[in-house]
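If you're matching them up, the sequences are chains C and Y in order. If you're matching positions, the first sequence starts at 1 in my numbering and goes up one per residue. If you're matching positions, the second sequence starts at 1001 in my numbering and goes up one per residue.
It is worth saying that the hints were derived from the structure and are not from the lab. It should be emphasised that the depicted structure is a prediction, and the values quoted were computed from it without experimental measurement. Ideal Cβ placement from N, Cα and C applies to all residues, glycine included. Careful, some of the hints might be misleading.
Stretches of chain C that chain Y covers, calculated by requiring three or more beta carbons in the stretch to come under 8 Å of a beta carbon on chain Y [said to hold, decoys possible]: (1) 512 to 519; (2) 609 to 623.
If you anchor each label on the Cβ, the simulated ranges turn out as follows [unchecked claim]: (3) C:472 with Y:1067: 49 to 57 Å; (4) C:334 with Y:1067: 52 to 60 Å; (5) Y:1067 with C:736: 51 to 59 Å; (6) C:154 with Y:1072: 23 to 31 Å; (7) C:724 with Y:1034: 32 to 40 Å; (8) C:152 with Y:1067: 32 to 40 Å; (9) Y:1034 with C:154: 21 to 29 Å; (10) Y:1072 with C:531: 27 to 35 Å; (11) C:482 with Y:1067: 41 to 49 Å; (12) C:720 with Y:1034: 53 to 61 Å; (13) C:735 with Y:1067: 51 to 59 Å.
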Amino acid sequence: MRSDPPGESVRPDPTGKTHEASGRGRAAIVALIGNPNTGKTALFNALTGYRRHVANYPGVTVDVGRGRVRGVRTPMELLDLPGTYSLAAVSPDEMLVTNVTCGRVAGERRPDCILAIVDASNLPRNLYLISQLLELGLPIVIALNMVDIARSRGITVDCERLSQRLGITVIPVVATRKKTIPPLVEALERAVAGTPPPVLPDLPPKLVEESAALHDALEEGMQPAETLRVLLDRDGYAEQQFLERGGSPARVAEARGRLEQAGIDGPAAEVRARYKWINRILEGIISRPETPVRTWSDRMDRILTHKLGGAVLLLVVLYVVFESIFRWAGPLMETIDRAFAWLGAAATTLLPEGVLQSLVVDGIIGGIGGILVFLPQIVILFAFIAVLEDCGYMARAAYMVDRLMRSIGLSGRAFIPLLSSFACTIPAIMGTRVIADRRERFVTILIAPFMSCAARLPVYVLLISAFVPASAYLGGWVELQALVMLAMYLVGVVVAVPAAWLLKSTVFAGPSSGFFLELPSYKWPRLGAVWQRMYFGGRKFVINAGTVIFAVNLVVWALGYFPRSAATRVAVQQQAQALSWDEQRVEAELAGAYLRDSFLGRMGRAIEPAIEPLGWDWRIGVGVIASFPAREVVVATLGTIFNLGAEQGEGSVSLRTALKQAKRPGTNQPLFTLPVALSIMVFFALCAQCSATLVLIGKETGSWLWPLASFASMTTIAYLAALGVATAARAVGQWLW
Amino acid sequence: MLLASAPLSEMLRVTGVRAGGAIACRLMEMGLIEGALVQVVGRAPLGDPMRVRLGDYELSLRNAEAGLVDVTAI
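Model the full assembly from the supplied sequences, consistent with the hints where possible.
Structural data, given as structure tokens:
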């Protein structure tokens, strides 16, 4: 990158190889590269028929789409790389593009051909990246996309002449119209077998000379495009690579000195030269109307980003999104719950009682159901985010909130990842790779877990419906239960704000990298793109988090099941005889006794002194301990603890009743009072109980310090907050009554 | 004048970008380069960032960044 040391999560191949060897299969690799907002994904889908596989590079946690191009004789694999404005990368996303095109990603050979996608209504800026791609020495085809939108703005591009001047094929396409695709596919086939581009941008000759000299000095260790960056980007990534490959710093310094004497004082000279070349190439190619055409997009924009109206509308949009999630996700989650409860009941009748039955019903079926039940909330939120992003509104939202986010040290670009965290932190943290500023990205990653994810919702639903009175105010418009729910979501946000500010003022202090955001025209969101985003967000949750949750559930099951000593059974039976319990009562008491003596139960009793000030007893302690690796297991664990079996969902009336009736051991006082319920919810809101997230934080920050610090600090904050809430609620309760 | 304090809707031409640094470079790469035509189109609800029409597209940038760009009215 320009001025940053290498991003930890984008390590190039440490052996320094350029991967040219044809390892994987016989298909030619075509890299799809272009600016953001050029319809890249639509073109990818059009060429591969929506068949997208995820490429996982070691050390890179973003997914790069791969797919076979349809309708070609030579097998071709298309790589959907992140959008970038320049090969002089400023964010990890952009760095990936640079690394892939220079063959620096382990396990991926250098592309054989480049398919560059360009926005027809935005040609000059788009050509900047093209000017850099030409220098890579790879065959290249340009897809001039969105010619229909250009036409609606009165802009036409002379493709023939542009093609002649650049010396490469330029095909006008509309990615969403199938008829325009075959000529592009034909051009690709010719290019893959073809030659590198004949025309190069006019960079200052001295610059080209010095860059070539550096390239030769390294004996092909780096691409010429990279040695160019070595010269221009001081202390940048390329320079570090050069030094690592045995290049001498003296040589670089001397070369820079000579360039300065020739009037080339840095990257600015390169940028100017490129734009001069672009203007020369584009002369007479684009015809624009005298006065810019105001499209419906422009008119809508004036309304949507109006100073006051725009802000209000953003709040309304956010409200609608969250309200819809609760409305739609609720019934869906209940259906999944019931389906798995049915499965569990069926297995209970089919299997003989014992370890196997418990393992299958509570461990396996309960585990899988416990993962899938979260999909509706996650998928619905991602669908909303995908729609807002695809239609162009998200960019406006980021633009409007930037100033607010700046007060805590972040930028508008953190808005989408933080919003996504309300569904699941895993894809959200992966989405921070678009944030250029390393310090900002780290802070965003560290406060993302404070946003109440889908897994916390069942705890809120269960405890609120059981212990918060269903009163309504203002003639039924404001429900107390809904208010408390909102408060729980806000708890995370309220704590995240000072946390971010603190981090950005101390550990991550430093100047901001700036905030530039292109504001694309509005367009109708495409169903395919929305669906893909929903699918991949949900998939990341199920695979990354789901595997952990499943394993945790099994471990929790085992710890709560074993040991089942005969001594416990005998003791309970003796009590049963003495007090003449009926069979149901004996079953319940036996289950409770087993749990109390299990490993999990012992852990709960061990921490009882610590949680007593919060009003919790060992059973709540067990629930909390069990949730540390994955908070998704808490409701099922509570079901087991209160003797109902793990198939209880948060909507279960019997679980609610059981909680309401639970008494403190040895007394007749209810265990769950409102202060206790509130303190439990606040604890869950703030505690880092997701090992999948902690692992991802470690990968993305490149250090195990951060997940550890995150876990320790969030647990401490959660404990103190729960303590505060419990004490305050009790004090208020006493004062009121 | 600086782009940061330029009036709304007037057609402006960029005369220079100050300082070196990664921010200035990215501004130039995005098209804010000597001779480019730019127009301030609006500002966010809190006054910052601002929104400009740069050639054929719209870009939002902070006042601090816009303060690096010298423009003249046409």
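*Hints violated by the structure (listed by number, smallest first)*: 2, 7, 10
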